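Visitor: Per the working numbering, the sequence shown starts with residue 47, numbered consecutively.
Hints may contain errors.
What the hints assert, rightly or not - Each computed DSSO-like pair below joins lysine-lysine, with the alpha-carbon atoms no more than 30 Å apart: (1) 135 to 153; (2) 90 to 161; (3) 90 to 55; (4) 153 to 55; (5) 189 to 90; (6) 189 to 55; (7) 172 to 55; (8) 55 to 161; (9) 135 to 55; (10) 161 to 172; (11) 90 to 172; (12) 135 to 90; (13) 90 to 153; (14) 172 to 135.
What the hints assert, rightly or not - Distance ranges between label pairs, derived from CB positions: (15) 172 to 137: 11 to 21 Å; (16) 149 to 79: 33 to 43 Å; (17) 199 to 110: 26 to 36 Å; (18) 156 to 67: 14 to 24 Å; (19) 105 to 195: 20 to 30 Å; (20) 107 to 194: 15 to 25 Å; (21) 128 to 77: 16 to 26 Å.
Keep in mind that the hints were calculated from the coordinates and are not lab data.
Treat the numbers as computed from the prediction; the structure is a model and nothing was measured.
Beta carbons: idealized from backbone N, C-alpha and C, even for Gly.
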Amino acid sequence: MDGEYFTHKGLQFPSQFYSLDTLSSLENEFQVQDNDVFNITYPKSGTNWMLEILSLIRCEGDPGWVRSVPNWDRAPWVETHPGLEAALKYPPPRLLTSHLPVQLFPKSLQRSQAKVRIIYTLRCPKDVLVSLYHFSHISHVFKTPGSLDSFLEDFLSGNSEKHSGGHSVGWEMLGGLLQSETWVLSKSPVHPVGASSDSTEQPFA
């Protein structure tokens with residue numbers, strides 16, 4: 047069964063997870079804190095992988111927190127209603143996750159940009175396409191895709207699920223990002239852990 051969608055500022059969002067009220071509240075009212083750490087990705091680009099790495103950094107390598115607390119509580123997806131509510135109650139420093147393009151992010155980000163930590167994980171677009179295509183087939187949240195060719199056309203035009211084709215470009219233009227790539231994680235997961243910790247000057251201290 048295809049999921050239902052709504053359009054917000056030209057982008058499509060699955061109604062089961064998102065609402066206009068939550069997106070508006072996040073963009074206009076949510077206050078980014080200087081010691082926030084954001085795990086930003088395009089969908090199917092290593093979100094949970096980086097989330098686990100950042101979680102271990104936050105608890106100084108102790109796996110107890112990671113094993114006992116679900117990832118959506120350790121690093122809430124702020125564009126969803128449950129995630130936004132959890133973020134508002136999260137004691138600092140907060141570890142937060144998002145798939146949103148930069149133009150829909152909280153306006154308060156500009157105030158904290160010099161200090162807030164943003165980790166952006168990139169994945170080969172071809173791999174993202176294939177992964178998102180198959181994921182859309184098994185998830186009842188998304189529209190069931192047609193052929194891979196038509197899905198590719200939507201993907202390249204920016205019509206694939208709520209996200210614009212310029213997702214990574216928009217975040218890169220913001221500047222001050224720590225970028226990681228999934229192929230680096232697969233070859234040496236220790237490297238991005240050290241890079242994240244060093245480059246963000248002990249983000250969870």
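Visitor: When the hints from earlier in the document are held up against this structure, which numbers fail?
Guide: 10, 14, 15, 16, 17, 19, 20
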